[in-house]
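K.L.:
Chains as they are written, first to last, in the numbering used here: chain A, 1 to 386; chain B, 1 to 386.
Rather than coming from a laboratory, the hints here were simulated on the basis of the structure.
C-beta atoms are modelled at their ideal positions from N, C-alpha and C, and glycine is treated no differently.
Heads up, a few of these hints could be off.
Simulated pairs of lysine-lysine, DSBU-like, Cα-Cα distance not exceeding 35 Å [unchecked claim]:
{"no.": "1", "chain 1": "A", "residue 1": "120", "chain 2": "A", "residue 2": "336"}
{"no.": "2", "chain 1": "A", "residue 1": "15", "chain 2": "B", "residue 2": "15"}
{"no.": "3", "chain 1": "B", "residue 1": "336", "chain 2": "B", "residue 2": "196"}
{"no.": "4", "chain 1": "B", "residue 1": "15", "chain 2": "A", "residue 2": "196"}
{"no.": "5", "chain 1": "A", "residue 1": "15", "chain 2": "A", "residue 2": "120"}
{"no.": "6", "chain 1": "A", "residue 1": "196", "chain 2": "A", "residue 2": "15"}
Which chain A residues stay away from chain B? Per the calculated CB distances, all over 10 Å, these [stated by the list, open to error]:
{"no.": "7", "residue": "14"}
{"no.": "8", "residue": "109"}
{"no.": "9", "residue": "119"}
{"no.": "10", "residue": "121"}
{"no.": "11", "residue": "156"}
{"no.": "12", "residue": "200"}
{"no.": "13", "residue": "240"}
{"no.": "14", "residue": "250"}
{"no.": "15", "residue": "257"}
{"no.": "16", "residue": "310"}
{"no.": "17", "residue": "314"}
{"no.": "18", "residue": "336"}
2 protein chains.
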Amino acid sequence: MQTAAAVADFRTYPKLCDLADAQVLDDQIRVQWADGRVSPFHHQWLRDNCPCTHCVYSVTREQVLEIVDVDENLSAISARIDQGFLSVQWHGGHHSQYDPGWLRAHAYDEESRAERRAAKPTSRLWDNTFELPIFDYAAVMQDPEALLQWLLALRDSGLTQMRGVPTESGSLAPIAQRISFIRESNFGVLFNVQSKADADSNAYTAFNLPLHSDLPTRELQPGLQFLHCLVNDADGGESIFVDGFAIANALREEDPEAFRALCEIPVEFRNKDRHSDYRRLAPIIALDALGDVAEIRMANFLRGPFETSVAQMPLLYRAYRRFIAMTREARFRLVKRLNPGELWCFDNRRTLHARNAFDPTSGARHFQGCYIDRDELLSRIFVLQR
Amino acid sequence: MQTAAAVADFRTYPKLCDLADAQVLDDQIRVQWADGRVSPFHHQWLRDNCPCTHCVYSVTREQVLEIVDVDENLSAISARIDQGFLSVQWHGGHHSQYDPGWLRAHAYDEESRAERRAAKPTSRLWDNTFELPIFDYAAVMQDPEALLQWLLALRDSGLTQMRGVPTESGSLAPIAQRISFIRESNFGVLFNVQSKADADSNAYTAFNLPLHSDLPTRELQPGLQFLHCLVNDADGGESIFVDGFAIANALREEDPEAFRALCEIPVEFRNKDRHSDYRRLAPIIALDALGDVAEIRMANFLRGPFETSVAQMPLLYRAYRRFIAMTREARFRLVKRLNPGELWCFDNRRTLHARNAFDPTSGARHFQGCYIDRDELLSRIFVLQR
């Protein structure tokens, strides 16, 4: 009977605790674990999650059953522990059995839910004392464990450097593809960061660029940004980074009213040229469901005119000026020149980046960049951790 | 002096009304228009939006000035109407002038803001009586006006058909590229919808697929989905569509508690195979800032086990069952067989799509699909409307 284990996933769920008892109640089965925890599971929930090959297509491990096709008052005839599995006989004839590892991982009693919330990865905030995590190109390209360590650093710290990268044009693509496919934008798949006469973005000039996220003009800002240095013989052009989450949290402490204004008043970002016209209205700071800072959207050179009520306009300017002023404070800023064969990879929705002006007459400067979404980062981490 | 008109945009802003008067107050300039409207503009706002070539780089039309570099108590020495423009002399020496068309389009008095809100495009809801907007391939490929009409139908109705499309593999790409680049996913750039033995999604079987959005497992579901029919000799496999916004609005009317549950309780969607493991937790119905239904996220076969409190679980099941039951009601459903040389293009975040089971032994069936994001749709509309 153990062959009928959960097929609705490609993950495995190690058994953390034995099932001890199961009791059929009116609308639920009350499961007791060997460590004393009690997990109620509603009949609907259990029937919905039956992992048998009638309910789940074993090739794709996707559900075929639709719960709406089951009586909404369905109840169990019996529930028992059978060779370690929870075994349920339903009225009407269907039979289900549930792997104890899977069941514990999906239990929704308060203790189980709190345990899972506590196990969620959290951001490690940093300032100008940050010890930059540096990774080796050859190791990341060959060793899945080195790849995983790099991706975890990206997820949790949001800023990494890689060294030993070839300096041929296009070398960036296979590195990004260690994670997954590259996210294209109106600037292409791999974009060349060089000073150009016909620039369609200030990024393609020799100007200084203030601290910003890329493509705040889109509904979903790219999750990861790569910047790969091929040539850097020009004077100036140092890279600057700040942890946008650290700044937002400091603002929250130091000026709660300004913080709230940046969370609540949407700002339009615009990216327009002769061929495209992107506009996106969104607050500069986004919070997650728990109220924690989850995203920063910021690029002064892509910002449209503020639009809010006349009464709120002075507050919005005060808050915006304060945030920008904080990005300029030394306590937050990491300043570093990128050399040929090195690349930056960072969380574009958290880590703001800037560039000092450079002198294009003093020597060549050529970076290549690309984007990958957070979905791909997390998927690769999950697969490597299986 | 008129040569110094707004350069911070590629759009043009026709003059809708003459400037009549400008009066310098403490922290703002009070502009009066010829039609009597009064628009206050704060000094900070006006200085921030100075369109001169010192403040905006004329090639990219992106801002170079950062407002934080201007005194936060900056005020105007004088403001006057000069050859139709608003001309402002600032303390400290800078001079700005503003085009009246641009200024009216960005005024933030209550009347101007309400006018702009009222002019925003709104969704036209539909049911089974919907007169499907059908577009001609040749016209869309050649005529910018036909292209624009198609895109407006997509934006406002969320479901269109195109006919006269070549049936060679890959013919879909240039159609999508009339809008912009194609959004890649883990299923590729163009994906083949065919029954496959080694399917990595139930979409690639001959099963019926219940009404769903594609890639609800991602943070941002694709905006537009294309499905192009190359061959359709198999029995069955009819396409079914419902307007998810219409169903959500009906649910809101008929069962407000269920509606709220689907807006508030997040559900995990999962898309996993041997190479990827996507998980996304989000509510099934998302509202916009004004409380209107803005997005539907739904695919029963990609849904993970519900996780909410024991107390809320019965409500979530009741609401979910009700929503699914509504997608099966005849009043909402459009059922149509797609023929070779035809394609569906629809708003994947609004219009749910389904497929009846087909019999792969009765004949070949081959569709190709791809995605484009809402950002690209809106950008192309804006450029065509310039």
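K.L.:
Flag every earlier hint the structure violates by its number, smallest first.
P.N.:
2, 6, 8, 12, 16, 17
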